[in-house]
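Just so you know, the protein sequences line up as chains A and B, in that order.
FYI, the numbering for the first sequence is 1 to 246, going by this note's numbering.
FYI, the numbering for the second sequence is 247 to 660, going by this note's numbering.
Think of the hints as simulated: they come from the structure by calculation, not from any bench.
For glycine and all other residues, C-beta sits at the position ideal for the given N, C-alpha and C.
Certain hints may be false.
[As the list claims (entries may be wrong)] Residues on chain B that point at chain A, a partial pick, calculated with CB under 8 Å:
#1 F248
#2 A253
#3 L255
#4 N256
#5 G410
#6 E543
#7 A549
#8 L550
#9 G551
#10 M552
#11 P553
#12 R650
#13 R654
#14 L657
#15 A658
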Amino acid sequence: MQLAAYCEDVSRIFRPGSNEVRALDGVTFRLHRGEMAAVAGPSGSGKTTLLNMIGCLDRPDQGKVFLDGEDISHKSKHQLAQIRNEKIGFIFQSFHLIPVLTVFENVEFALQIQGKLSVDGRKDRVMPVLEALGIAQLASRKPSEISGGQQQRVAIARALVKKPVLILADEPTANLDSKTALSIIELMVKLHQEEGTTFLFSTHDPMVMDTAPRLVHLRDGKIVSDSGEQMNKNQPKETEAGDVSA
Amino acid sequence: MFLLKLATLNIFRNTKRSILTMTTVFVGVFGFIMASGMVNGVEQTYVRIEIDTETAHLRVMHKRYLSEEENFPLDLILPQQRAVHSVIKKGWPTALVVPRIIFSAQLGDGEQALGARGVAIDSALAEKAFSLSRYSSSKKPLPETGKWIFVGSIIAKSFKKKIGDTLTIESRTRDGSMNADDYQIAGVISTGNMIIDGGSFYIPLKSARDLLRMPTGLTDVVVKLPKKQDALLVSTRLQKQFGAVQAQTWQDKTRTIFELNKIRRQMFNVLISIILIVAAAGMANTVLMSAFERKGEIGMMMALGMPEGRIVRLFTAEAGMLGLIGSVFGALCGGSWAYYLQVYGWDISAMVEKTYGATGQTTGLSVASFIFFDISFSTILMGIFLGVFVSLLASLWPAWRTTRFDPREVLARS
Numbered sequence: 001m002q003l004a005a006y007c008e009d010v011s012r013i014f015r016p017g018s019n020e021v022r023a024l025d026g027v028t029f030r031l032h033r034g035e036m037a038a039v040a041g042p043s044g045s046g047k048t049t050l051l052n053m054i055g056c057l058d059r060p061d062q063g064k065v066f067l068d069g070e071d072i073s074h075k076s077k078h079q080l081a082q083i084r085n086e087k088i089g090f091i092f093q094s095f096h097l098i099p100v101l102t103v104f105e106n107v108e109f110a111l112q113i114q115g116k117l118s119v120d121g122r123k124d125r126v127m128p129v130l131e132a133l134g135i136a137q138l139a140s141r142k143p144s145e146i147s148g149g150q151q152q153r154v155a156i157a158r159a160l161v162k163k164p165v166l167i168l169a170d171e172p173t174a175n176l177d178s179k180t181a182l183s184i185i186e187l188m189v190k191l192h193q194e195e196g197t198t199f200l201f202s203t204h205d206p207m208v209m210d211t212a213p214r215l216v217h218l219r220d221g222k223i224v225s226d227s228g229e230q231m232n233k234n235q236p237k238e239t240e241a242g243d244v245s246a
Numbered sequence: 247m248f249l250l251k252l253a254t255l256n257i258f259r260n261t262k263r264s265i266l267t268m269t270t271v272f273v274g275v276f277g278f279i280m281a282s283g284m285v286n287g288v289e290q291t292y293v294r295i296e297i298d299t300e301t302a303h304l305r306v307m308h309k310r311y312l313s314e315e316e317n318f319p320l321d322l323i324l325p326q327q328r329a330v331h332s333v334i335k336k337g338w339p340t341a342l343v344v345p346r347i348i349f350s351a352q353l354g355d356g357e358q359a360l361g362a363r364g365v366a367i368d369s370a371l372a373e374k375a376f377s378l379s380r381y382s383s384s385k386k387p388l389p390e391t392g393k394w395i396f397v398g399s400i401i402a403k404s405f406k407k408k409i410g411d412t413l414t415i416e417s418r419t420r421d422g423s424m425n426a427d428d429y430q431i432a433g434v435i436s437t438g439n440m441i442i443d444g445g446s447f448y449i450p451l452k453s454a455r456d457l458l459r460m461p462t463g464l465t466d467v468v469v470k471l472p473k474k475q476d477a478l479l480v481s482t483r484l485q486k487q488f489g490a491v492q493a494q495t496w497q498d499k500t501r502t503i504f505e506l507n508k509i510r511r512q513m514f515n516v517l518i519s520i521i522l523i524v525a526a527a528g529m530a531n532t533v534l535m536s537a538f539e540r541k542g543e544i545g546m547m548m549a550l551g552m553p554e555g556r557i558v559r560l561f562t563a564e565a566g567m568l569g570l571i572g573s574v575f576g577a578l579c580g581g582s583w584a585y586y587l588q589v590y591g592w593d594i595s596a597m598v599e600k601t602y603g604a605t606g607q608t609t610g611l612s613v614a615s616f617i618f619f620d621i622s623f624s625t626i627l628m629g630i631f632l633g634v635f636v637s638l639l640a641s642l643w644p645a646w647r648t649t650r651f652d653p654r655e656v657l658a659r660s
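Build the full structure now, drawing on both the sequences and the hints.
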């Protein structure tokens, strides 16, 4: 199976003042296309740093990061932005919708940034996503006029609409009540199962951990357990950075 | 287009702050247009009243006359008057050459007396050159003969006289004796030139010759040319040809105004620059505050891979929109008010009276009682351009500053 992301012995060291904090310490991690994984762990365990690394928002101090077969470890800021633009969808804890735009325009925004499609092309892409997520009827509403759960659905739609290689979600349910959080996770699982969307999200919500098909535990910057480890071990070494199926 | 739409929507996110910022741009552009209109208007007004009511395009006199003009000398007559006339007519056949005698007089009505400047003119030629009748309450020209007087409106008001009433003119004759005669008011003239309205009167040349016992000779002639730009050429030609003649052009007469206006223009430029700097600081502050308030949003845009240049463009577009709205309103209000003052004028007679006295005669220059602004479409466009340019310029640094945000940090903190 083709790899969506691969971290090879990745370390990231922060130096606040005279201290040295190893946010990631020799992490090797593979995520296949069509896979859905949750990264769990206590605060400061390195969840967000791992997501930032795979999401091209950060670069490793040691090791290599591959995205869709491409080594992104030494890319420039501009190149990383271009990769994010084309290959990664983000879902944020605080949704980060633009309050002055409608639901439709917020989702369309991701395509506007890409600048590849015409007005009609964007409409043809956005509406089916809104319908699939059950928010088509909210298309003309502003974010302030819809609930938190609906806002997160809009954020998911924004991540999905550009058909990325991978969707990264940093604690996507942290700002939601348990019932809404469950519905969001179920929606993501459904998208994963039906559409084959690749998801990697961080969480410390036990309910979300239970739902995730694969769970990776981080502590002090190291992977302490990975329910998908066996599958990864079965991967031939030469395909780790590449694109050939097992 | 999308960026512009988003920028437009964003400026209404904090309406109060946007209005305050737009107001500073509004004030700058409004001030620029009003100041330009006024400064240009002062020049135009003074040139117009000088040409239309006093010296036409050129005034020709004895070479010593100007230095003694304050004493209204009747013995310094224009030499070679006929030759001067024919030289002008030869070069500019359609030019109007208006003969005058300028003299000092006292106007009285038996109860009060007032010093004034008398202008004896050839009525028919003066009518052609200056259209005096259009300034007269009677709307009729000054009769060519007889004891008729056109009197300035402020003088008429101080004597409480109207058309048909009589005023006595008392003056020293050319031989130095005193003479007086009664003249009937044929018109009260209001030209907007304080020297005329507040301190001058016109009488027919023929009757003036009797009053002043001056059967021949003129103190000066004023010349109206087909093109006012030719005044210098005529002046040079006359002074070259006639050694005893001096010519004063409309440019010579208004030079002081232009010099004063240069200083006034510089002062306005400094003032407008200060206002625009304040507007620029306000704009930079607004963009910076807006960027810091929307850190999370910027982080999201960066995470989605929006190029830095487009983020800068978004914020500069917001500043540009604020600047454009403020500038357009400033241009509309400033332009409308300046246009109103261009058509109806700004009455400064009270100010002039306070400075120069009711007659406005303490200066050799014509003094306008109304300033007519001079505003052009290009000045209005320039005002808008200036407002938008300053806004865009002021937003560049804060807009660039947003691209220094670290998306990891801003997303984590928000």
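Honestly, which of those hints from before does the structure not fit?
Hints 2, 5 and 12 not satisfied by this model.
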